[in-house]
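Below, each chain spelled out in residue letters.
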Amino acid sequence: MSENAPIRVMVVDDHPMWRDAVARDLTEAGYDVVATAADGAQALRVAGAARPDVVVLDLQLPDMSGVEVTRGLHATHSAVRVLVLSASGEQQDVLDAVKAGAVGYLLKSAARPEFLDAVRRTADGDAVFTPGLAALVLGEFRRLSAVPAGPGSDAPQLSQREIEVLRMVATGMSYKQIAARLVLSHRTVQNHVQNTLGKLQLHNRVELVRYALEHGLAGESGAGESA
Amino acid sequence: MGVTDAQGSSSEPLWRAIAVFRFASVGYAALRLAAIDRAEYSRPDWAWAVIAVMAAWTVVTTIGYARPERRTRGLLGADLAVTVGLLLSTQVLQYPDATVRGALPVTATWMAGPVLAWAVRYGRRAGTIAALIVTCCDFAVQRGAALGAALNGAVLLLLTGVIVGHLARLAAEVEAERQRAIEVEAASRERERLARDIHDSVLQVLALVQRRGAEAGGAAAELGRLAGQQETALRALVGDGWAGDQAPDASGDVDFRQMVLPARTHRVTVSVPAQAVLVKPAAAAELTAAMRAALDNVRQHCGEQTRAWVLVEDEPGVVRVTIRDDGAGIPEGRLAEAAASGRLGISHSISGRLRDLGGSAAISSVPGEGTEVELCLPRVAGIPVASAPGTA
Numbered sequence: 001m002s003e004n005a006p007i008r009v010m011v012v013d014d015h016p017m018w019r020d021a022v023a024r025d026l027t028e029a030g031y032d033v034v035a036t037a038a039d040g041a042q043a044l045r046v047a048g049a050a051r052p053d054v055v056v057l058d059l060q061l062p063d064m065s066g067v068e069v070t071r072g073l074h075a076t077h078s079a080v081r082v083l084v085l086s087a088s089g090e091q092q093d094v095l096d097a098v099k100a101g102a103v104g105y106l107l108k109s110a111a112r113p114e115f116l117d118a119v120r121r122t123a124d125g126d127a128v129f130t131p132g133l134a135a136l137v138l139g140e141f142r143r144l145s146a147v148p149a150g151p152g153s154d155a156p157q158l159s160q161r162e163i164e165v166l167r168m169v170a171t172g173m174s175y176k177q178i179a180a181r182l183v184l185s186h187r188t189v190q191n192h193v194q195n196t197l198g199k200l201q202l203h204n205r206v207e208l209v210r211y212a213l214e215h216g217l218a219g220e221s222g223a224g225e226s227a
Numbered sequence: 001m002g003v004t005d006a007q008g009s010s011s012e013p014l015w016r017a018i019a020v021f022r023f024a025s026v027g028y029a030a031l032r033l034a035a036i037d038r039a040e041y042s043r044p045d046w047a048w049a050v051i052a053v054m055a056a057w058t059v060v061t062t063i064g065y066a067r068p069e070r071r072t073r074g075l076l077g078a079d080l081a082v083t084v085g086l087l088l089s090t091q092v093l094q095y096p097d098a099t100v101r102g103a104l105p106v107t108a109t110w111m112a113g114p115v116l117a118w119a120v121r122y123g124r125r126a127g128t129i130a131a132l133i134v135t136c137c138d139f140a141v142q143r144g145a146a147l148g149a150a151l152n153g154a155v156l157l158l159l160t161g162v163i164v165g166h167l168a169r170l171a172a173e174v175e176a177e178r179q180r181a182i183e184v185e186a187a188s189r190e191r192e193r194l195a196r197d198i199h200d201s202v203l204q205v206l207a208l209v210q211r212r213g214a215e216a217g218g219a220a221a222e223l224g225r226l227a228g229q230q231e232t233a234l235r236a237l238v239g240d241g242w243a244g245d246q247a248p249d250a251s252g253d254v255d256f257r258q259m260v261l262p263a264r265t266h267r268v269t270v271s272v273p274a275q276a277v278l279v280k281p282a283a284a285a286e287l288t289a290a291m292r293a294a295l296d297n298v299r300q301h302c303g304e305q306t307r308a309w310v311l312v313e314d315e316p317g318v319v320r321v322t323i324r325d326d327g328a329g330i331p332e333g334r335l336a337e338a339a340a341s342g343r344l345g346i347s348h349s350i351s352g353r354l355r356d357l358g359g360s361a362a363i364s365s366v367p368g369e370g371t372e373v374e375l376c377l378p379r380v381a382g383i384p385v386a387s388a389p390g391t392a
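Chains A and B supply the protein sequences, listed in that same order.
Sequential numbering of the first sequence, starting at 1, is according to this note's numbering.
Sequential numbering of the second sequence, starting at 1, is according to this note's numbering.
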């Protein structure tokens, strides 16, 4: 990410009031809002030309699921980073979007500085982990390891240290507090968190490919959900 | 029983069936008079007149019974009276010993009409009473002759009254059941629609007010805080609570997430897995109570503004609930000291509940860094639970 050029952001939300408020906040804070979209189809159409660094994505769109939009965005514009902005109570949707490649999750009620910071961190390539997302990721790894091992099953595992860090994030501790508690550097804590997400997304991609091969869909894109 | 009856749409086919029965019976009675019992009548002309009255009355009752609001006691009573009258007229139309030779009364099977009507309208008991009245008149007509055949007819009539009444009641119950199901479905669809609407507009605006208010500060911050509280409450109402609607699944377990998520406020963050966390209802209630006690404790000892986080983890064999706050923490030894001096408080209500369930509660605190309460509930009671990594 260039230090000088402003971060290019696209806002996708079907609620005009929210969309405008978020866009205004971003513009005032010096970000370049290159596009806005009210639904998934429009987002995918515009993203190719607008080439945003970060897409701020509302999970509840009228036409497509967050997973489809996330996957579609990555297909049209692979460098894009998706920050999911959602209302609460959509745990499975958030998890699916994260597995499909979204790198952060923030509640809509988050305060403005928290939101702006999340956009900046997303642009920098950091995972934006709220306690809610950490709990979802922990739960997903437990679910995967509980599934009986099938042929060639390679359910990803978290290291003890990664579980430790995620539990701390999930109980509201900041990276700084975690670093102090575990006597690690801030960067190491961040890497641990990032790794958990990477493992999950990699596993998801592997599963998708396997699903595609098993069902003779190789070559077709977006071969269904294997969550 | 009786009057609450079968007035729903479920009884309509029965009324149509009664009409068909009566028309067919008039035809049968005419056939008997014309071909079979002809020689038994001393006054065949008057007998034909009776058949004409039967036909006319059949038309009247068919029209009358066609509309639910016309199925009054008056009409049903008149129906029974007319039928009984026509039945008794047999006595003056036939030769006295006609029944001995197997002749039927002039009304033949037509006399069952009001029995059916009473049974369908007022149920089993009314059907039985109507059948008894008609049967008594039938016996009078038979004058003791051919008792066996008359008895057979009487039993058939009584059974008809009872069974049709029972059937009508069953149909009414099924109808009521169906009506209730339709209402429930309509209500839940309406709720879904409302939830979608609220989600699309009201919640968004509340969240926006909350955010803007917090930024503006002062009086606006208070408004923002209130909007935030309402947003949380509304969201709990339309968003999470009914996703699984606290109905126990086949094994009787409940989704523990649905019991913890309502604890969410602007200062309490609740994080749960994406999958349902199934727990026995009694254990879930106790665990929820222990969590509430821990949260109340945070509010009491650290103040309203202290933030707290609740994490629910579903591990193989164990449900783990962690409650952490960023308050002042508990000085070392305070808990043991409190317990020793008889002030049980937190450790009693929390640890006690968990011990009763075969679980455990661990409270740890670093002064200045808040307190962490970890509740472990084993899925099968009695299995010792190791502390999770990351527990201080």
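These are computed hints drawn from the structure, not numbers from a lab.
One should not assume that every hint holds.
[Stated by the list, open to error] Result set (SDA-like, lysine to any residue): computed pairs, CA atoms no more than 20 Å apart in a straight line:
| id | chain 1 | residue 1 | chain 2 | residue 2 |
| --- | --- | --- | --- | --- |
| 1 | A | 176 | A | 143 |
| 2 | A | 176 | B | 369 |
| 3 | A | 176 | B | 366 |
Each hint, compared with the structure:
The hinted pair formed by residue 176 of chain A and residue 143 of chain A fails the criterion: a straight-line CA distance of about 29 Å is larger than 20 Å. For the given pair, residue 176 of chain A sits about 12 Å from residue 369 of chain B by alpha-carbon distance, which is consistent with the 20 Å threshold. In summary, the hint linking residue 176 of chain A to residue 366 of chain B is supported, as the alpha carbons are separated by about 16 Å, within the 20 Å threshold.
Checked against the numbered hints above, the structure breaks only hint 1 and satisfies the rest.
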